[in-house]
Amino acid sequence: MSPVAASTTPTGTALVRAENVHKSFGPNEVLKGINLEVNAGEVVCLLGASGSGKSTFLRCINHLETVSNGRIWVGGNVVGYRQVGNSLHELSDKEAARQRQHIGMVFQRFNLFPHMTVLENIIEGPVLVKKERATEAKRHASELLARVGLAGRENSYPRQLSGGQQQRVAIARALAMKPELILFDEPTSALDPELVGEVLDVMKDLARSGLTMIVVTHEIGFAKEVADRVAFMHNGQIVEIGPPAEVLGNPQHERTKAFLSRVL
Amino acid sequence: MNTETEPRVARAAESPELKIVPRRHIGRWVGAGAVVLLLVWLGVSFSRAQIDWPTVQQYLTVPVLIQGIGVAIVLTIVAMVIGLVLGVVSAIMRLSKNPVTSGVAWLYIWVFRGTPVYLQLLMWFNLALIFPYIGIPGIFQGRMIDILTPFVAASIGLGLNQGAYTSEVVRSGILSVDEGQTEAAQAVGMTRLQAMRRIVLPQAMRVIIPPVGNEVIGMLKTTSLASAIGVSEILSEAQHIYYVNNRIMELLIVCAVWYLGAVSLLSIGQYYLERFFAKGSSSKQLPPTPFQRLLGIFGTNRKAFS
Ligand SMILES: Nc1ncnc2c1ncn2[C@@H]1O[C@H](COP(=O)(O)OP(=O)(O)OP(=O)(O)O)[C@@H](O)[C@H]1O
Ligand SMILES: [Mg+2]
Chain A
1 MSPVAASTTP TGTALVRAEN VHKSFGPNEV LKGINLEVNA GEVVCLLGAS
51 GSGKSTFLRC INHLETVSNG RIWVGGNVVG YRQVGNSLHE LSDKEAARQR
101 QHIGMVFQRF NLFPHMTVLE NIIEGPVLVK KERATEAKRH ASELLARVGL
151 AGRENSYPRQ LSGGQQQRVA IARALAMKPE LILFDEPTSA LDPELVGEVL
201 DVMKDLARSG LTMIVVTHEI GFAKEVADRV AFMHNGQIVE IGPPAEVLGN
251 PQHERTKAFL SRVL
Chain B
1 MNTETEPRVA RAAESPELKI VPRRHIGRWV GAGAVVLLLV WLGVSFSRAQ
51 IDWPTVQQYL TVPVLIQGIG VAIVLTIVAM VIGLVLGVVS AIMRLSKNPV
101 TSGVAWLYIW VFRGTPVYLQ LLMWFNLALI FPYIGIPGIF QGRMIDILTP
151 FVAASIGLGL NQGAYTSEVV RSGILSVDEG QTEAAQAVGM TRLQAMRRIV
201 LPQAMRVIIP PVGNEVIGML KTTSLASAIG VSEILSEAQH IYYVNNRIME
251 LLIVCAVWYL GAVSLLSIGQ YYLERFFAKG SSSKQLPPTP FQRLLGIFGT
301 NRKAFS
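Top to bottom, those sequences are chains A and B. Using the working numbering, you'd call the opening residue of the first sequence number 1 and step up by one each time. Using the working numbering, you'd call the opening residue of the second sequence number 1 and step up by one each time.
Bound-form chain A, shown alone (with noise of 0.2 Å):
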């Protein structure tokens, strides 16, 4: 069992909560005791370098991997667990799904379904999981398709669109399912350099919009911009946490001063 008494409950107004958060592949500890809360409407970027455990912390919030040890909390509910009494049972693959539903994510290789045109790819989880009605979910789809700019776009099939414009389709597709939380891991990373504003641009947007955002991203400028916090990590931990000014602008770790001197 974790170390952490299974009737903690989050405080405060936090959205999101981990707390002391450690995974393992194997002998291999990737994450190593991870505490961060963001709270509702936040923004936060991820900063760190390759292989500091950034992707495997964020699968930890929507549970695409399970911690090894401690906690996450998403919305008052421990993620991947049910919270029966005074204890934890680990949820079925059902409830699982249902968990995420509230959750969004946006992959660096975009994953769009690329048999399913854009319009379907929107539409497939609000219909299949949220049982909307199809007329409704494709009249918010084209909704969402012009809140990133691809409005018109509803037949294309993935494959004819570019890279900034499937990223965007992600984003709608993510938004669909009207998440309190969307998790953004290094959205611009797999575009050309000219492709990588349109979806930035848009990302701002929606953190402008109040909707509570992780982004894992090597964008400083965004991070500068539009993070309400920065989070730096080293080695599976956070060493480093403020305003984007203060971490940004002033590092104090040796590892955050290293790090920024080599991408800025």
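No lab work stands behind these hints: they were computed from the structure. Source: prediction; values computed, not measured. Incorrect hints may have been included.
Stated by the list, open to error - From the structure, some residues in chain A lie toward chain B, with a derived Cβ separation under 10 Å:
| no. | residue |
| --- | --- |
| 1 | Q99 |
| 2 | G104 |
| 3 | F110 |
| 4 | G125 |
| 5 | A170 |
| 6 | L183 |
C-beta: ideal position from N, C-alpha, C; glycine also.
On the provided structure of chain A, position chain B with the ligands as indicated by the hints.
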């Protein structure tokens, strides 16, 4: 060396009006000639052979033989449906993390791929010897020989055997789909099973269909084995006829024509199935089908291209 080659290169560059002599493909011409000769020889020998072509033509439309190829086609379809269902289920079971589940699937494949179909058919047909009665206590009870008719036994036997082969094809299809697809599906709240059904399998179909198409054609021919357990398919019917009239080759040629016809039909079906699952696989529009092209030539159906 140098002094000899350099001037030659220079001269070639200076004279622009050199005549181009295309490369002669002597080997190809000789090869093509040999093939044509062989075909002519084959044609001549068949026309001189003691084949009674009017008999072939006469038997081509005999009802029992048409029924026979009909039985073969129906048996193919039934066995392939059983095979596909078992193949998909056992492929998913083999990919399961539960060792019991994947072990059962492995055992099924091991047994049914490891013994001859012919043997399996005989065993199904003779199952009544060891289980004379079949049923669920209190609900249903029957004699095995009434239930396991030759056709039913053949369907089950061929289907189970096919499933063991299809399983591996389906498994490789599933493995060919990027893991990120399942994760993206889970991220919008799908269960693993929903992700498999809606996202992974439709994409795996592109890899699965060509080998399965091959197996459908193989199955059509394997149905002739079912005659061993008393199914009246085309080959056994033809044998019944030639035992009486002794027109052996003529009747076998009739069977060959029917098999070829049925296989051609199935290949057309495969072509359209592959097109259907190729949706979104390329950034370009799919090329028109031969049928659409034909319509396009005669200008009767403009919509075929749009
Ligand atoms: N499924 C896995 N099995 C084994 N090891 C893994 C697995 N996933 C990640 N790792 C290891 O965990 C470590 C952290 O990986 P992670 O992908 O979280 O890093 P990251 O910070 O996202 O790096 P990047 O910037 O390159 O994406 C790496 O050393 C990686 O090899
Ligand atoms: Mg990563």
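Going through the earlier hints one by one, which of them does the structure break, listed in rising order?
-> none
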